[in-house]
Each structure stands twice: as structure tokens, then as C-alpha cells.
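Enquirer: Protein chains in written order, with my numbering: chain F, 1 to 245; chain U, 1 to 336.
Hints were generated in silico from the structure; no laboratory data involved. Careful, some of the hints might be misleading.
What the hints assert, rightly or not - Keeping only pairs whose Cα atoms sit at most 30 Å apart, straight-line, the calculated DSSO-like set for lysine-lysine is:
| no. | chain 1 | residue 1 | chain 2 | residue 2 |
| --- | --- | --- | --- | --- |
| 1 | F | Lys158 | U | Lys119 |
| 2 | F | Lys158 | F | Lys118 |
| 3 | U | Lys206 | F | Lys117 |
| 4 | U | Lys132 | F | Lys158 |
| 5 | F | Lys117 | F | Lys135 |
| 6 | F | Lys118 | U | Lys123 |
| 7 | F | Lys135 | U | Lys204 |
| 8 | F | Lys184 | F | Lys135 |
| 9 | U | Lys206 | F | Lys135 |
| 10 | U | Lys204 | U | Lys123 |
| 11 | U | Lys204 | U | Lys152 |
| 12 | F | Lys118 | U | Lys206 |
| 13 | F | Lys117 | F | Lys158 |
| 14 | F | Lys184 | F | Lys158 |
| 15 | U | Lys206 | U | Lys119 |
| 16 | U | Lys123 | U | Lys152 |
| 17 | U | Lys132 | U | Lys119 |
| 18 | F | Lys118 | F | Lys135 |
| 19 | U | Lys204 | F | Lys117 |
| 20 | F | Lys184 | F | Lys118 |
| 21 | U | Lys152 | U | Lys206 |
| 22 | F | Lys117 | F | Lys26 |
| 23 | U | Lys123 | U | Lys206 |
| 24 | F | Lys135 | F | Lys158 |
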Amino acid sequence: MTEAARPTLLDVVGIEVRYGAIRALKSVTFNVGEGEIVALLGANGAGKTTTQKTVSGMLRPTTGYVAFDGARIDGIPAHDVIRLGICHVPEGRHVFPRMTVAENLEMGAFRFRDVDKKEFERVLELFPRLRERLKQQAGTLSGGEQQMLAIGRALMGKPRLLLLDEPSMGLAPLVVAQIFEIIKEINASGVTVLLVEQNAAQALALAHRGYVLETGEIVLGGTGQELLADDRVRAAYLGEEIAAS
Amino acid sequence: MSHQVWLHQLPHIVAANAPAANHSVDWFHQLPQNIVIGLEQGSLYALVALGYTLVYGVLQLINFAHSEVFMAGAFGSYLVVDAIVGNRHLTGAAVPLTVLAGIVSGAAVGAAVAWILEKVAYKALRRNGAPKLAFLISAIGASLFLSNLAGKLFTRVQNNAFPTYFNVNHHVFSIGSADVSLIVLIIIATAVIMMVFLDRLVNKTKLGMGIRAVAEDAPTAALMGIDIDRTISRTFIVGGALAGVAGFLFGTAFGVGNIMGFTPGVKAFAAAVLGGIGNVRGAMIGGLILGQAEVLISALPFVGAEWNDVVSFAVLVLILLVRPTGILGERLWRAA
Ligand SMILES: Nc1ncnc2c1ncn2[C@@H]1O[C@H](COP(=O)(O)OP(=O)(O)OP(=O)(O)O)[C@@H](O)[C@H]1O
Ligand SMILES: [Mg+2]
């Protein structure tokens with residue numbers, strides 16, 4: 001397994017996570033370097049969402065630990081984890097449906113005393129479609145627009161580490177390409193990204209490194225190029241995609 | 001102590017307020033006066049209904065002990081006002097200041113009792129993911145406990161009127177044929193101010209945004225940095241304060257008693273459902289509509305004030321038949 005080329009920002013070490021009797025993660029270890037995009041791949045039910053939820057404090061590991069910037073954060077509740085600069089865009093977007101687009105963005109900045117007007121502007125520049133819909137109820141946005149809003153909302157929290165859980169889910173290929181382009185831009189502006197994706201080819205093309213998760217364990221890790229060339233990855237994740245597209 | 005006995009004993013709100021029955025005056029002539037009475041009653045329902053709806057929003061739970069928070073606010077303010085007035089005869093600025101003390105103490109006691117209620121009756125259940133039915137039982141238990149506790153603590157003040165430090169029936173002004181008495185004016189003005197205040201709180205402040213976010217999607221609200229436990233606790237405090245003020249106003253007009261919360265509580269709950277449970281403006285509108293409907297329909301010659309409660313619930317059922325989610329209620333959809 002290749003080591004992070006840069007100083008690590010996030011360290012996940014041997015975490016086991018359970019839902020009652022169900023052991024969703026057996027022992028998951030990986031790291032994310034400062035400034036990287038790291039992709040986390042895996043089939044349905046592999047434990048990708050569970051891993052991200054554990055990082056953002058929504059779940060607690062029963063063994064192992066999570067460290068951010070060298071300090072342990074497992075056990076810190078989600079509403080305090082965000083204060084460290086870890087912003088989580090959950091699977092399925094989860095915008096606040098009865099709040100307006102503008103209110104959703106303000107919610108993203110809840111951890112600050114005031115909404116940073118410059119950040120607000122920057123998000124609207126990144127997602128011009130949101131600007132036209134500031135007063136619209138978020139529940140009435142299209143899927144793609146909701147995804148943009150969910151990402152924009154997370155950016156309002158000024159993340160150092162951005163957790164993205166399947167941002168391409170259910171979106172048209174053109175919109176997916178757009179979203180991936182924006183993730184690249186966000187990363188270029190200095191935000192570290194942990195990206196969960198089913199869309200393996202595109203995710204690995206974008207990511208510096210990636211890991212493959214299978215039934216609660218990391219089975220493979222490497223640079224994007226290494227994984228793209230790996231036979232197991234091609235068979236399990238890219239084969240499907242080539243057939244589908 | 002049974003509710004039935006009490007229901008017969010307590011002077012009915014409408015009966016207490018309505019102008020002396022005059023059969024030669026028909027419904028239309030009484031209309032302006034009845035609208036004022038409906039507004040008075042509806043304001044009280046609305047204040048209490050807000051507490052049901054706010055808590056439902058964040059917990060998807062009907063806090064059936066809310067009517068006892070209202071009662072506690074009434075007793076708390078009674079004690080404060082009684083201590084201030086004593087055997088003295090208040091004049092001048094002392095009177096409005098005492099009213100203000102009543103409002104503030106009602107709010108404080110209501111808030112405190114609601115806060116404790118959440119900690120004692122609900123928090124542990126929530127932590128352990130108890131089923132909804134457990135919350136319901138806990139709510140009913142807390143409700144009975146509080147009303148019996150008040151019965152034991154205040155044997156001296158059962159169904160007693162507040163000390164008379166001002167003439168509640170003092171005629172302030174008339175709009176056409178409708179007379180507005182001092183207490184009616186105080187009730188309506190206080191309720192309107194509190195509702196405007198609450199509407200701003202919910203829509204414009206961080207606390208309000210937090211309450212709305214938790215109501216819409218609690219786990220995601222936590223991801224935004226909102227402490228769910230603290231927000232729920234503060235929601236109870238806000239709802240409790242409103243109910244406590246309503247308790248003071250109601251007590252001043254109609255007297256206090258340990259089971260005074262029952263009927264207004266059930267009506268306010270109906271008002272919250274009528275407006276669309278979980279919707280703040282809906283609770284206000286529901287309360288005002290219910291107050292009007294109750295007074296205006298029971299004033300019809302073939303109905304009569306004794307049908308008051310029947311009317312409330314008939315209105316509720318009729319509106320729910322047409323709009324199952326209530327007047328302003330939306331289907332509570334959640335992002336998958
Ligand atoms: N709340 C829960 N209660 C019980 N089991 C759960 C819960 N959430 C997830 N699981 C189980 O944990 C395992 C991992 O789920 P997880 O959601 O992390 O998978 P995933 O890799 O994100 O899958 P997908 O690609 O479908 O989103 C699955 O077997 C799932 O059934
Ligand atoms: Mg998932």
C-alpha cells in the first residue's frame with residue numbers, strides 16, 4: 001500500500017463499526033494526506049458510507065481510532081467535529097427541503113457567528129444555478145441542483161477536509177462531469193477531499209489515490225493510475241461501467 | 001380527582017364572557033362582540049398550540065404534558081402576583097407592572113417546568129431509542145403527576161381567582177357594538193406580541209434556524225454543527241414560556257386550578273393539528289380559527305354554549321376531512 005506523499009491530515013486506524021449485531025466495518029485502515037483527493041471505492045454495502053459517518057462523528061468505532069491533524073477525534077459528536085473543519089456531504093444530499101436555497105447555504109455556516117458574505121459569493125460563483133434559485137425551496141430543486149446545494153452548503157462551513165458520499169448518484173453524465181470538475185476546483189483551492197464513489201473510472205481519474213473496500217475491509221490501495229490498471233479493479237468495478245455506458 | 005367533576009364546576013369561558021343572554025338580540029347583532037371573545041379565546045389557544053407544534057417539529061411527539069406546563073405557569077404567576085399584591089390596594093403604575101410581573105413569572109415557570117419535563121420524561125427514552133408508545137405513556141404519566149402534585153401543593157388555591165388588583169371587566173373601548181374589556185385587551189395584545197416575537201425567532205435567529213433544521217432532518221442538522229440535545233431542550237423552553245404566559249392570562253381571566261390545563265390543552269392541541277402540526281404559523285392560525293369557530297357557532301340560536309367543545313372538534317374533523325395535513329400542513333417528506 002502506497003504511503004501518502006504529503007503529511008497526513010486524516011488517519012483511520014483499524015476501526016470496527018457495528019450497527020447492533022451487524023459488523024459493518026471489520027478493520028479499516030487508511031489515510032488521507034493534506035491537499036489530496038482520495039477515493040473510496042466498493043460495492044453496495046461494502047461500508048463506504050459507514051466509514052465516512054465514522055469520520056464525521058455520526059458513528060463511533062468500537063475498536064480502532066480516527067485522528068485528524070494528529071489528534072484523536074473518534075468520540076467527538078458530529079456537531080463538534082464540524083468545528084474542526086470536517087464537512088460531510090451525506091449520501092442522498094439531505095438538503096433541508098422546506099428551507100430556501102439561501103437558508104440552506106446559511107445552515108452550512110451555522111458553526112460561525114455570521115455568514116461569510118465572501119464565501120457565499122464564492123459558492124454562488126461555483127454553482128451559478130443556485131444563484132437563480134436562492135429563494136426557491138430546496139425540496140423543489142432537481143437532483144443535480146440539490147447535489148450542488150449540498151456541496152455548496154458544506155463549503156460554507158469552510159472545510160479543511162470535505163467528505164463527499166456518492167455525489168454522482170442519480171445524475172445525468174453531463175452533470176456528473178460538471179460536479180467532478182467542481183470537486184477538482186475545490187481541491188485546487190486547498191481543500192482535502194475524501195470521495196466515496198461507485199463511479200470508479202471517473203473517481204480514480206480525479207483522485208490522487210484510492211482504496212477499495214470490500215465487506216468492511218480495505219482490500220486494495222494505491223494511486224489512481226495503479227488502481228485503474230489493476231485487474232481486480234477492472235473486473236469488479238470498471239467492467240460493469242464499460243458495459244453500462 | 002376526576003376531570004368530569006371539574007368540567008361541570010368551572011365556569012365556561014364563553015358563559016363567563018358572553019354578554020347577558022338577550023334572546024331578542026340575534027346572532028348578527030352579537031357578531032362583533034363574539035368576534036372579540038373568539039379572538040381572546042383563540043389567542044390563548046394559539047399560545048398553547050405553539051408549544052405542541054414546536055415540540056412535535058423536533059421530536060415528532062405530542063407532548064401531552066404540555067397542558068400541565070400551562071397550569072404550572074398559571075400557578076407560578078399566581079404566587080408571584082399574590083405576593084406582590086397581598087392585602088394592598090394597587091394604584092397607578094403598580095398595576096401594569098404587576099401584570100408584567102405575572103407575564104414574566106408565568107413565562108419563567110412554564111419554561112422551567114417544560115425544561116425539566118424534557119429531561120425527566122423524554123430524554124432517557126430518546127437516548128435509548130424507545131418506541132413512540134413509550135413517549136406517549138411517559139407524557140400521560142408526567143401530566144397526571146404534575147396535576148396531582150399541584151393539587152397537593154396548592155390545596156389553598158383550587159379554582160381560585162387571581163387577587164383582584166385591577167378590574168378585569170373595566171371597559172376600555174368599543175368597536176361598533178363590541179365592548180373590549182381590559183383583560184380581553186391584555187390577552188389579545190400579549191398574545192399578538194408573543195406570536196410576532198416567536199415568528200421572528202423561528203425564522204430569523206440562530207436558535208430558530210436550529211429548531212427548524214432539527215425538525216426537518218436531525219442527523220443532517222448535527223452535521224451543520226447543531227447540538228440536537230440542546231436544541232430540543234431549548235425548544236421545550238420556548239414552548240413552555242409561551243404556555244406559561246397563556247397560563248397567567250387564562251388564570252387572571254378565569255381563575256386557577258390544578259386541572260385547569262385539561263380543556264384548554266386539548267383545544268390547543270386540536271388547534272395545532274388544525275393548523276398543520278409542526279407548522280408554527282399554522283398553530284397560530286389554527287388557534288385563532290378554533291377560537292372564532294367555537295364562539296360563533298355556539299352562538300347560533302339552535303346550538304348554544306354548552307355545545308362549545310363539540311363544535312371545536314366538529315370543526316377539527318371537518319377541516320381534516322378536506323385537508324388531512326391541516327391548513328398549513330405539508331406532507332412531511334424527508335430526503336431519502
Ligand atoms: N442503520 C443501519 N442499521 C443496520 N445496518 C446498517 C445500517 N446502515 C448500514 N448498515 C449495514 O452496514 C453495511 C455497510 O453499509 P454502508 O451504508 O456503509 O454501505 P455502502 O458501502 O455505503 O453502500 P452503498 O454503496 O449501497 O451506499 C451494509 O451491510 C448495511 O446493510
Ligand atoms: Mg453508501
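Enquirer: Assess, step by step, whether the Cα of Lys132 of chain U is no farther than 30 Å from the Cα of Lys158 of chain F, and give holds or violated.
Expert: 38 Å, violated
Enquirer: Between Lys123 of chain U and Lys206 of chain U, is the straight-line Cα distance small enough, at 30 Å or below?
Expert: 23 Å, holds
Enquirer: Regarding the pair Lys132 of chain U and Lys119 of chain U, is the alpha-carbon distance no greater than 30 Å?
Expert: Cα-Cα ~17 Å, so holds.
Enquirer: Is Lys152 of chain U within 30 Å of Lys206 of chain U, Cα to Cα?
Expert: 40 Å, violated
Enquirer: Given the hinted pair Lys204 of chain U and Lys117 of chain F, is their alpha-carbon gap at most 30 Å?
Expert: Within the cut-off at roughly 17 Å; holds.
Enquirer: Straight-line Cα separation of Lys118 of chain F and Lys135 of chain F no greater than 30 Å?
Expert: 19 Å, holds
Enquirer: Sort out whether Lys135 of chain F lies within 30 Å of Lys184 of chain F, counting only the CA atoms.
Expert: Since the Cα atoms of Lys184 of chain F and Lys135 of chain F sit roughly 28 Å apart, the hinted pair holds (cutoff 30 Å).
Enquirer: Between Lys135 of chain F and Lys158 of chain F, does the CA-CA distance stay at or below 30 Å?
Expert: Satisfied, since the Cα-Cα distance of roughly 23 Å is no more than 30 Å.
Enquirer: Quickly compare the C-alpha distance for Lys118 of chain F and Lys206 of chain U to 30 Å and report which way the hint goes.
Expert: The hint holds at about 20 Å.
Enquirer: Is Lys184 of chain F close enough to Lys118 of chain F, meaning Cα to Cα at most 30 Å?
Expert: Holds - the C-alpha atoms of Lys118 of chain F and Lys184 of chain F are around 20 Å apart, at most 30 Å.
Enquirer: Within 30 Å, alpha carbon to alpha carbon, are Lys117 of chain F and Lys135 of chain F?
Expert: Judged against 30 Å, a Cα distance of about 17 Å means the pair holds.
Enquirer: Below or equal to 30 Å on CA atoms is what counts here, so check Lys204 of chain U against Lys152 of chain U.
Expert: 42 Å, violated
Hint violations for this structure: numbers 1, 4, 6, 11, 21 and 22, all remaining hints satisfied.
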